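Going line by line, the protein sequences match chains R and E.
The first sequence begins at 1 in our numbering and counts up by one.
The second sequence begins at 1001 in our numbering and counts up by one.
Fair warning: there could be bad hints in the mix.
Stated by the list, open to error - Here are the computed lysine to any residue pairs in the SDA-like style, where the Cα-Cα straight-line distance is at most 20 Å:
1) R/220 to E/1017
2) E/1009 to R/215
3) E/1009 to R/217
Stated by the list, open to error - A few chain R residues that face chain E, going by a derived Cβ cut-off under 10 Å, partial list only:
4) 26
5) 49
6) 50
7) 54
8) 58
9) 62
10) 64
11) 65
12) 91
13) 95
14) 209
15) 217
16) 218
17) 219
18) 220
19) 349
Keep in mind the hints are simulated off the structure, nothing from the lab.
As the structure is a computational prediction, the values presented were derived from the model and not from experiment.
Glycine included, each C-beta is placed from N, C-alpha and C at the ideal position.
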Amino acid sequence: MNKKMLMTGNEAIGEAAVQAGCDFYAGYPITPQNELTAYLAKRMPEEKRVFVQAESELAAINMVMGAAACGRRAMTTSSSPGISLKQEGISYLAGARLPCLIVNIMRGGPGLGNIAPAQSDYFQATKGGGHGDYHCLVLAPGSVQEAYHLVFLGFDLADQYRTPTILLGDGMLGQMMEPLIVCSSPACRPGREFVVRRKRLPTKPWALNGCQGRGPRVVKSFFMQNELLEGHNKILQKNYAQIKNKEQRCEQLYLEDSSIVLVAYGSMARIAKAATAALRKKKIKAGLLRPISLWPFPAGAFEQLLKKKKKLRFLVLEMSCGQMVEDVRLAVNGRAAVDFYGRSGGGIPTEEEILKKILHRG
Amino acid sequence: MKKAFTRPKSLRDVETHYCPGCGHGVAQRLVCEVIDQLGIRGKTIAVCPVGCAVVAYDYWNFDCCEAAHGRALAVATGIKRVQPDKFVFTYQGDGDLAAIGTAETVHTANRGENLSTVFINNAIYGMTGGQMAPTTLLNQKTATTPLGRDAQREGYPLKVCELLSRLPGVAFLERVALDSAGGIIKAKRAIHQAFVNQLEKKGFSLVEILSPCPVCWGKSALQAQQWLKEEMVKTFPLGRYK
Chain R
1 MNKKMLMTGN EAIGEAAVQA GCDFYAGYPI TPQNELTAYL AKRMPEEKRV FVQAESELAA
61 INMVMGAAAC GRRAMTTSSS PGISLKQEGI SYLAGARLPC LIVNIMRGGP GLGNIAPAQS
121 DYFQATKGGG HGDYHCLVLA PGSVQEAYHL VFLGFDLADQ YRTPTILLGD GMLGQMMEPL
181 IVCSSPACRP GREFVVRRKR LPTKPWALNG CQGRGPRVVK SFFMQNELLE GHNKILQKNY
241 AQIKNKEQRC EQLYLEDSSI VLVAYGSMAR IAKAATAALR KKKIKAGLLR PISLWPFPAG
301 AFEQLLKKKK KLRFLVLEMS CGQMVEDVRL AVNGRAAVDF YGRSGGGIPT EEEILKKILH
361 RG
Chain E
1001 MKKAFTRPKS LRDVETHYCP GCGHGVAQRL VCEVIDQLGI RGKTIAVCPV GCAVVAYDYW
1061 NFDCCEAAHG RALAVATGIK RVQPDKFVFT YQGDGDLAAI GTAETVHTAN RGENLSTVFI
1121 NNAIYGMTGG QMAPTTLLNQ KTATTPLGRD AQREGYPLKV CELLSRLPGV AFLERVALDS
1181 AGGIIKAKRA IHQAFVNQLE KKGFSLVEIL SPCPVCWGKS ALQAQQWLKE EMVKTFPLGR
1241 YK
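I would like the entire structure built from these sequences, with the hints used as guidance.
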């Protein structure tokens, strides 16, 4: 039984979290994601789940660590400056191999920046962000509906790989309203894929719930002896290799015959999609590659494209001064031209600007 | 013959890394004795701090969670809120609880979280080699106050029990000292009370334990105990604060 509703991205993420079985939420107010916290302040108690307004982002992420250590699905949400504050906790979560979902509704930076939509936290999200050798799984929704779906996927992947997972949206996605199909029965959330995956999720034999009838458990990221820490890091790296191997996700549009490929994620990809259609109308063979998983970066899709076609040109579009473009260049590895066009601080590349960039270069 | 004195079941039979004359070993044993007496080992989850007690989970025989420096009470909040039927306590030093984690301490107490905290105040940073703590006494020499703590320069020793006593969410506050056999018995009684309060859902309880750190104080074990008894208690008066 599906219900069609009109919801903001922020609210859709909140509703999806409730439906995905999020037991614990802690957050601290920050624009442009306040509707998400307010939505959960109302919905979580209705479902007898825990909602805490923390005294800071530091406290919020560490409260999530506590709930996650008990094996519960836990989530925190924030926007760029708040996510910077959470980085210490995220490093500990990654080190202690605790699953959780962290939502970043990005705004302009650096510093206090502004509250306009931006994509300038790509480096922070995909390259670790805190101290130590680690990655978070990073998913980037391009619509309100997809944000809803990726919350389910994000919680599942976090549990499957025992890793903190980041849902990376931007202020535009968080604030805009779109029709959303909400699934009211567990069997259709969102689709049968979810049900099948859920059944395969591992149990949590590490969860802290008191040592009654078993030996004590410890959740930690501290390994004093060098060889122990190196061994622990090798386990983490093995896990990351598996994720890289199995969890690359992207959307591909018109790529079979494209000679120019636009690469964009999230809200930026919506404009890139319109630009692609406009270029096709002008008989220019343009296509779109939209990464959905930012880490792991869908390098495999680039590999396939480059294998099939010798002469290709990539144009990477971002609401930043150029961050994802580095991963595109690594994936392409000199085999094709990679151009970049981006704007920051609330500036958003328009369809006209994209067309100009392509047609001007010709 | 009846065995009159044994190791608590909650305390593993291992050697600790604590320095000679340190109070941590005593305080951690007291915690274990109380947990055994209350019969709550099977439902206990402890949150260990960053500092000298960072590996308390190697000594304690119950579930433990690590926390980043200063964040023990936030982690404990997460644990307790999803498992209100479990017994959750934090064990924190002065740097952890009263410097880097002051916000977490004040706000967890102010929310009246149903948690218990064992706060070890030894007026110094032990693990990092004897730097000034928020609770370092005036004129006390440390690695970062080589001429002694000067109120004009470094401010005053932070009095946690006095500070928290004004908050309505706090159920119990007591300051005790590991300065003698009598002091140790009183400390155990206070820990017992703080733990029972949680079982009775009374809200936030904290026991501040003045504890010797002979190595970082530059004293012998005996001198350290003397200094604790004669000097430290002047700045940190013992007793029930709430």
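Tested hints:
| no. | hint | verdict |
| --- | --- | --- |
| 1 | R/220 to E/1017 | holds (18 Å) |
| 2 | E/1009 to R/215 | holds (12 Å) |
| 3 | E/1009 to R/217 | holds (16 Å) |
| 4 | 26 | holds (7 Å) |
| 5 | 49 | holds (9 Å) |
| 6 | 50 | holds (5 Å) |
| 7 | 54 | holds (7 Å) |
| 8 | 58 | holds (7 Å) |
| 9 | 62 | holds (4 Å) |
| 10 | 64 | holds (6 Å) |
| 11 | 65 | holds (5 Å) |
| 12 | 91 | holds (8 Å) |
| 13 | 95 | holds (9 Å) |
| 14 | 209 | holds (6 Å) |
| 15 | 217 | holds (5 Å) |
| 16 | 218 | holds (5 Å) |
| 17 | 219 | holds (5 Å) |
| 18 | 220 | holds (4 Å) |
| 19 | 349 | violated (39 Å) |
Figure legend: structure checked against the earlier numbered hints; the only hint not met is number 19.
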